[in-house]
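Undergrad: On the provided structure of chain Y, position chain Z as indicated by the hints.
What follows is each chain in one-letter form.
2 protein chains.
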Amino acid sequence: MILRYARQAHGDREIVSRLIDEPLWRYNYAGLADRVEQAAKALLRLGVKPGDRVTTLAWNTHRHLEVFYAVTGLGAVLHTANPRLSDEQIAYTINHAGSGVLLYDRNLAAVVERLKPQLPQVGIFVSLTAQPLDDATLCYEDLIGAESGPLEWPVFGENAAAFLCYTSGTTGDPKGVLYSHRAIVLHAMGAGLNAAFGFTAFDVVMPCSSLYHATAWGLPFVAPVCGAKLVLPGDKMDGASLHRLIVDEGVTFTGGVPTIWTMYLAYLDQIGERPGNLKRVMIGGSAVPRAMAASFKQKYEVETLQIWGMTETTPLGVIASPTPQLAALGEEEMQEVIWSRQGRLQFGIELRIVDEGGSPVAWDGGTPGALQVRGPWVVQRYFRQDKDAADAEGWFDTGDVATIDKRGFMRITDRTKDVIKSGGEWISSIDLENFAAGCPGVKIAAVVAAHHPKWEERPILIIETHDGATVSKADVLAYLEPKIVKWWTPDDVIFASIPLTATGKIDKKVLRRTYRDHLTAPS
Amino acid sequence: MILRYARQAHGDREIVSRLIDEPLWRYNYAGLADRVEQAAKALLRLGVKPGDRVTTLAWNTHRHLEVFYAVTGLGAVLHTANPRLSDEQIAYTINHAGSGVLLYDRNLAAVVERLKPQLPQVGIFVSLTAQPLDDATLCYEDLIGAESGPLEWPVFGENAAAFLCYTSGTTGDPKGVLYSHRAIVLHAMGAGLNAAFGFTAFDVVMPCSSLYHATAWGLPFVAPVCGAKLVLPGDKMDGASLHRLIVDEGVTFTGGVPTIWTMYLAYLDQIGERPGNLKRVMIGGSAVPRAMAASFKQKYEVETLQIWGMTETTPLGVIASPTPQLAALGEEEMQEVIWSRQGRLQFGIELRIVDEGGSPVAWDGGTPGALQVRGPWVVQRYFRQDKDAADAEGWFDTGDVATIDKRGFMRITDRTKDVIKSGGEWISSIDLENFAAGCPGVKIAAVVAAHHPKWEERPILIIETHDGATVSKADVLAYLEPKIVKWWTPDDVIFASIPLTATGKIDKKVLRRTYRDHLTAPS
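Which chain is which? The protein sequence lines are Y and Z, in order.
With our numbering applied, the first sequence has no gaps in its numbers, which climb one by one up to 528 at the end.
With our numbering applied, the second sequence has no gaps in its numbers, which climb one by one up to 528 at the end.
Same shape as in the complex, but just chain Y:
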């Protein structure tokens, strides 16, 4: 439906794609629709049937986009494997998906070679290249070059699965989330509204979040629904490569994790140029750094939009977009809200925050609760599990603790498992850490709960100092005192080396184990 619309209504609107070691590719939605039909015919010839799973291990290119539409248009399910996971996790997801076909980019061929012995179900390997990589491997352009002419697409129900995306699985095995055709279309329509992305046919959209990661915020569907030009950056996220596309292709909207934009802003500073026609940068995956948002706004008049979502929400949850109520507060105050909240309630996805008993708590911007979401693009049950992940009314618990203000703006204050439950009230470990991290001499601050005989839990602050810095417990508490309410004050401050996970985050599991009985154990 989306592809047919884009071909008919925006057939000559451009799509530009970087590839791996190939020249820039350029065509349009009509060209996309034609090649998607060729790709679908090739997949049919390879034996792909409705319901089958097909895996890609690929970057943001037009070929990956074609596979998005070809596989799902056939009623098969596209599993977009994440090349950033460990070999074991990639193999786990492909085997769990039960894929029989694997399509991959040239520079991931070595990964595929390593994985092959662990992928007994995969019978067909296709490199997403113009030329065959070797005699044993099929090549995408050869396959689709052998096909031509229109395809009579099969008809199936809107609840049929289209995509299979796995959570990154920081604890335990990755979990698979199926996105139905219904969810994809409704999500694209919701994301096209002005409260969310709100593209016009004049926009030029460059997704710098990965196509394999929850379909890159659905941008491959929202852009054609709105008739926006699409620019695909391949795997080149360095400042120079992005700048070339932003300027040459007239990019108006882009988005990705903060790291990319830190590099890009540094690059702009270095070369002394402006970011072309860029109007908006969407930042997801972690909180928007204030300095970054201010740089974009003050130097280049580029708006920074914070966004929040999960693999389980297809993935759009909330975006911080302006409203008249915020504008009435003045520009500075409005930016403050937009940059400090994950975003506002979108049509199509319901939010609520609940206490430990499951009762909804107030939307006052201060009272935290477990964040739950519901709606037509929220997971009901993980793939191959025998129990629902959402409750009987469709509410899915995100594992986050959040506040919602009276304007419907949501702010995540903690992970549920990290929040400190003190005498029936919740203390945000993240907020406390952020405050403590500002104390002179502090390199890393971590807060975990310790059992407490009276209050159930109380916060313990663990601090790793900069080399050579001298910081005392009294210094830290004095620094925190004007910033926090009294009952948030940590019951102890401990100076120690802080354990990190493989991805560089504070390893709270280790800290919780170490300090769980810190306040109750006999000294």
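To be clear, the hints were calculated from the coordinates, so they are not data collected in a lab.
Check before you lean on any hint, since a few could be wrong.
One copy or two, it doesn't matter: identical chains are merged, so the pair holds either way.
[What the hints assert, rightly or not] No more than 20 Å apart at the CA atoms, straight line, and that leaves these computed lysine to aspartate or glutamate pairs for EDC-like:
(1) 510 - 178
(2) 411 - 19
(3) 411 - 39
(4) 411 - 369
Predicted, not measured: the structure shown is a model, and the values here were computed from it.
TA: Chain Z alone, transformed into the frame defined by chain Y:
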């Protein structure tokens, strides 16, 4: 879902309503949601059950809006009767709907009194007033004033009927079209995209098309989905009344039939003022007069958007909104396309044009075909009919003849029953009439088909001249000659008085009867 979202996300966004002989009413979406719950409780108390039909005979007021949400939220079906129909037709639709409750505005009380004897199924009459009109009639504010507190809304399937709207029925009885909850929500999301209305939370929307007429282009749903302020003009569509609301309330978007805007532009000229903050005027129901669009644009920088739809399409079909391809042609050429086409393909509604054999014809902007539409908000079957109105694939024949250009812009060229089928090619009676109407001395021009032994049908032009004008057949043909292709030339030009229908349109039925055998009958 829409109301809950508006209350949570845009609770303090205003709604302003004119009433019949009452002061201006002002509240917000939270207030709307509260009063809708009161109204729903009152309807429950009156015995309204899921599936029941309730009729309104009412203008664009906040009370009518409340009844929209209260009736449909209960799972009952709201039939919005059209006060502009004849008494017989109004009674026919209410009886055909099988409504048991009738809510009506104060200034329609006389109509209701006249109709009562013809409405045996209506047991409950409610005036949409603050005070009872008489001892025998219930009064809306009394009813809802007796209710308070939240309501546990019933849960029902998305395909349940929400609204029952009747076609205006120029030939035969009006036909009822059911709008499901699913259709209403998808239509609102589609209409919220920038290709259609594209409201932001900063917009102020005033529907001047009637709430009873296919839900006023769905604006009562699109506005809350987008968080736009809503201004309801009651039944006052004169220039002064509209201007007061446009200026005082900061209206940015309005829409209605051309007549209203002709009056409004004349009023602006007269008082020498500008239309406040108005940005866009949407014109539906008939083609946009060029002079009106030019006035809005050149004098006030207000964009005119042409829109087309039918009761059968909930009602959004197409809107003429700008695209980069058009903008590349230059401002003047873009306006030409936007003002001369009904609009462009929207996501969610498919169009096709087919020849007499039912085969699709080319989208070249020149080849006409019978216009068919398909999609989640297109009628499948009229209410209480035993056969589908759409074919097995969901295509509904609109009864219009149209062209579609390569950019997906559609232009209606005729009604199917009026088009002239000459030697396998179609001649647009409307286009010929428009050309002929420009000939000096011509007051009204009508074109109908006459049987022809060789070409099957040929056009006959009937002309009514202005009093005192002298126009010859040769004058008319000479005037047409440079404007049309040769084979469109009418086979005869007849000077006669042209019969009109009750609503002032050319009575083609009479003309067809009169001239059917004009070219074959023995002279």
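Undergrad: Compare the structure with each hint and give your call.
TA: Results for each hint:
| no. | hint | result |
| --- | --- | --- |
| 1 | 510 - 178 | within (18 Å within a copy, 71 Å between copies) |
| 2 | 411 - 19 | between (41 Å within a copy, 16 Å between copies) |
| 3 | 411 - 39 | between (48 Å within a copy, 17 Å between copies) |
| 4 | 411 - 369 | within (6 Å within a copy, 52 Å between copies) |
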